[in-house]
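Put chains S and B on the given structure of chain Z with help from the hints.
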Amino acid sequence: MTKFSQPKDLEQYRQTLQKQRDTKKTCISICSGTGCHAYASEKVVSAFEDQLKKQNLTNMVDMKRTGCHGFCEKGPIVVIHPHNYCYVKVKPDDVPEIITQTIQQGKPVNRLLYEDPETGKKIALETDIPFYKNQTRLIFGNNRKIDPKSIDDYITLDGYKALVKTLTKMTPQQVLDEVKKANLRGRGGGGFPTGRKWETTKNASAEPKYVIVNCDEGDPGAYMDRSLMEGNPHSVLEGLIIGAYAIGAHEGFIYVRQEYPLAVENTEHAIKKAEEYGLLGKNILSSGFDFTIKVHRGAGAFVSGESSALMSAIEGRVGEPRPKYIHTAVSGLWNKPTCLNNVETWANVPFIINNSAQWFTSMGTPNSTGTKIFSLVGNVNNTGLVEVPMGITLREIIYKIGGGIPNGKHLKAVQTGGPSGGCIPEKYLDLPVDFDELYNIGSMMGSGGMIVMDEDTCMVDIARYFVNFLSQESCGKCLPCREGLRQMTRILNDITAGKAFEEDLELLEDLSEVVQMSALCALGQSAPNPVLSTIKYFRDEYEAHLRGECPSKVCKALINYTIDSTKCKGCGLCLKSCSVKAISGEKKGIHHIDNERCIKCGNCLESCKFNAVLKTTGKQILVAKR
Amino acid sequence: MAKEKTKSHFVGVRLTEKQKKALYTLQKNSDLSKTDILLRGLEILSEYYALGLDQPPLNIELKKLEEEAIQHLKALKQIKRREESVKQMIQELREVDEIIDEYGGEKNALIQILLKIQEKNHWLPKPALLWVSERLSIPMSQILHIATFYKSFSLEPHGEHLVRICLGTACHVRSGPKILEAAEQYLGIRSGETTSDTKFSLESVNCLGCCALGPVMMIDNEYHGKLTPSQVPDILSSYRIGELTMTEEQQKLAPIAQRPTPQQQR
Amino acid sequence: MANISLTIDGKRINAEDGTTVLQAAQKAGISIPTLCHDDKLEPYGACRFCMVEVEKNSRTKLVASCCYPAEKGLVVRTKTENVDKIRKLLAELLLSISPSGAHVDIAKQYGVVESRFKQTESPESPCSLCGLCVRYCAEVKKKHAVCFVGRGVDRTIALVPGLSDTCSSCRECFNVCDAGKIVYLVDAIQEISCPPLRSSFKHSD
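Residue numbers (the numbering used here), protein chains in the order written: chain Z, 1 to 626; chain S, 1 to 266; chain B, 1 to 205.
Worth flagging that the hints you see were computed from the coordinates, not collected in a lab. Hints may contain errors.
To be verified - Once the Cα atoms are required to be at most 25 Å apart in a straight line, the calculated DSS-like pairs of lysine-lysine come out as: (1) B:LYS142 - S:LYS126; (2) Z:LYS499 - S:LYS107; (3) Z:LYS165 - Z:LYS282; (4) Z:LYS576 - Z:LYS609; (5) Z:LYS536 - B:LYS142; (6) S:LYS226 - Z:LYS576; (7) S:LYS178 - Z:LYS409; (8) Z:LYS43 - S:LYS116; (9) Z:LYS294 - S:LYS116.
Being a predicted model, the structure only gives us computed values, none of them experimental.
Isolated chain Z (complex conformation) (with noise of 0.2 Å):
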């Protein structure tokens, strides 16, 4: 492979790549990101191998490793094309079924297609199934079509054509001016103006100057960018490309978790493709731009994706953020003005630069452009990644392409924006998704993770968890952050174990103000957040915790395990599923649970058939604890 030295060398490769590329040949593309790969996808994969071997179909037939299609809740999943039949759940004792009736006679499998739980139908066509039909699969899309490890597929969807528009037809400053003109807002957490960032960072005086992208995603139950990391590397390199050059920076960092393996493996070796393929290094396409990329792995701290505490991460120092009175567009890296964007946000840039911002404008809402990607997690029927565009509502999302809560329970509350965001409850569902609608309304939309909760979810136990998150992820440095973050953990701890009093929660509310007004970092300041949201709309919890009840029956000091006699048939289910002896009865008689030996731990409340196992809370626990 040599390297491509000019731009009309790349698009004759291109057009000789789609001219080959035979549409009507089967493929079988497998879903290899981490979520199915952790359902055993590579188990399907070499059953396919191993049976298309057997039957000689090897060479008539194509397969293709993909990026993660988002259907997550249903994988392993694999797409069938050209039919486009989309099999859920696949195991590798599926293949030889699937290879015989589709691949040789065009048919589907029904027993593995999804079935629509409303209508009870099976629905053949990927593009069919609701959670599929209701996105606006712009930047993720191409994650089902192509192979990471493949720069000829990205290249055949089209990819790098912006970057040869901007290197070929655009100056610097016109490149910058269109992603301005596209309002483009940074999509990892604070939604800053791109455009204007880019501008900063370019009209700073100082050089050199350094561009980076965030993959340090280290919200809790979101996962968005490892999954555009790990299935379409390409589509961020390009995007990052675009933007050094109207920054006018020629080296660049991809901060990556480590806790991201694969995101790791796929964008070295992309990178690896770009530099063979002349995309990278120097005079890029004969332009006269040089830019590199360097892959940095981070080491497991959630403060570090804080802009300032990764760069001090890519020094070489400890990742603790500093405080930002000078921006880091101006003095970033070494001192030097250095752009931060998120992955979703650099890989957004390409479809800027082809389709023009006036075509990325008509999505969205007019200060929230553009699509967003989510992860609907938690409490949903579909868990996955989705993308919509701005302005689609709660609602549409949880239930239209969510499918709505399991076990027919109801929705309590969705939690965006992470650690920082907050708990919006069911009356605002209708709220339209967006950067400023989300904040007005004391959440935010942070990376994307949209955590949904269920009636049996305790409020105050979700700010005790996120507290206590933080206190641990807080780099430690400054005083209110630190300290306040463990007396609140304290307090938090307190009111569900059911030795709080009033004074406590104004303690907590007096602390949180000051948290969020003298922290150091954006950590810090939005700690409280979680703690405020739930305050705001669920404070009939926490007073009811004051009481020494938990209403949702999940925090253990206030709740207590019982047998309903009229229920209990004396199968000896619970007495045998219990670890600490605290269950006593007679065969085929009415079993108790002696309250002082119990732990908790739901065990008899798992195993009973017979819904026999109740818990309980109130207020005569509440006189046994104090």
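Positioned in the frame of chain Z, the structure of chains S and B alone reads:
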């Protein structure tokens, strides 16, 4: 044991009983004649003197190195003879050297270098950190701060199997904490600790990125999803017996970054 | 050195370009409380006691004056309702860690007699993690014998193994330590031969 003649084979070299016993053992283990052993010993001894290794400060440094090596192996729960301890430590430090060279000895690459050392050894041994501090001219204080700041690093050897339980928000609402409790109860340790038989290390992590499988427990490179607390003891005990370790075939199928290192394969 | 003019508490001040708001205030005789600041050391910005309200282009924000650069036309207010709230609560937080230190006076100023927060650290090692000892040893002595270990609520200070034997003869960091923790650590090495380096961190309750 038959009494050996007190007269030695060398003129001028008289051996004590202890030395004779030691010589006898060496002879048994090495297949060399007594003469060869003693001659070799003298050769090394003369080099030793030539290098000034018997003089301060080098003899003190050597002694420190020996003690360091012995402490190092004690931490690994291995007891070896002095020379073997030193040899093993030197080999490990050579590997650290190679890692540092891969990154061109650049200060900025400190965290990347430490990550590679952690992955190779499953912990950050103190001699390795001292070596990194020397070669990169970074004060030990900074290295210790970094080693204790990031969750990927461990200053104590990890157990044979690393059990990671996801406590991300999505797993939390699917009762992830109950899975952790079940694991803590079964293993008899708390999160962040290693069992006394060094079989298991237990950790909680904030999001493994497979939220659809929640709640998730990851043991080495295997995911166990959609768990109930009652399933945890059975899964863990199967690793104790050795049934569910990664087979060769499974290793081939895992992405490169997740394949076990030669050390992990023991 | 160019001179820039800013306003602090209604007073017109001239400051040298490149100085911080704290330095400008100190030069003009306006007192702002600090805990982690020392003129011999680089500004650290950890204690947040020096926070003030600044206004520029009709936008107001709260900043740490030890780190915030003095700017032309800046309006600074060192005592406002929010600034007072911050100082009072931070003093209360520190009282739960240690009964003595600079924060006691600040607490008195705001009428705090008893902290509403429960006690945290043990009385023998009441460290506020101001970092003065670590920074002094690194920047002035250049010995780097004291370091931070850990993160978040588990963050603490420790002596670096192998270097701490010189600490008992040096002891210069004692002069910057407000809380007595470093004294405890250095003296303790006489009895505990290996340094108090924590290698496994458990979650605090």
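Agreement of LYS576 (chain Z) and LYS609 (chain Z) with the hint, judged by alpha carbon distance not exceeding 25 Å: Measuring from Cα to Cα gives roughly 13 Å; hence the hint holds.
Proposed proximity, LYS409 (chain Z) with LYS178 (chain S) (alpha carbon, max 25 Å): 21 Å, holds
Straight-line alpha-carbon gap LYS499 (chain Z) to LYS107 (chain S), limit 25 Å: 50 Å, violated
Proposed proximity, LYS576 (chain Z) with LYS226 (chain S) (alpha carbon, max 25 Å): Holds - the C-alpha atoms of LYS576 (chain Z) and LYS226 (chain S) are around 22 Å apart, at most 25 Å.
Pairwise hint evaluation, LYS282 (chain Z) against LYS165 (chain Z), where the allowed Cα distance is 25 Å at most: 18 Å, holds
25 Å limit on alpha-carbon distance, applied to hinted pair LYS536 (chain Z) and LYS142 (chain B): 50 Å, violated
Agreement of LYS43 (chain Z) and LYS116 (chain S) with the hint, judged by alpha carbon distance not exceeding 25 Å: 29 Å, violated
Satisfaction of hint between LYS116 (chain S) and LYS294 (chain Z), Cα-Cα up to 25 Å: Holds, at roughly 16 Å.
Distance restraint between LYS142 (chain B) and LYS126 (chain S), which requires alpha-carbon spacing of 25 Å or less: Judged against 25 Å, a Cα distance of about 22 Å means the pair holds.
Of the numbered hints stated above, those contradicted by the structure are hints 2, 5 and 8, listed in ascending order.
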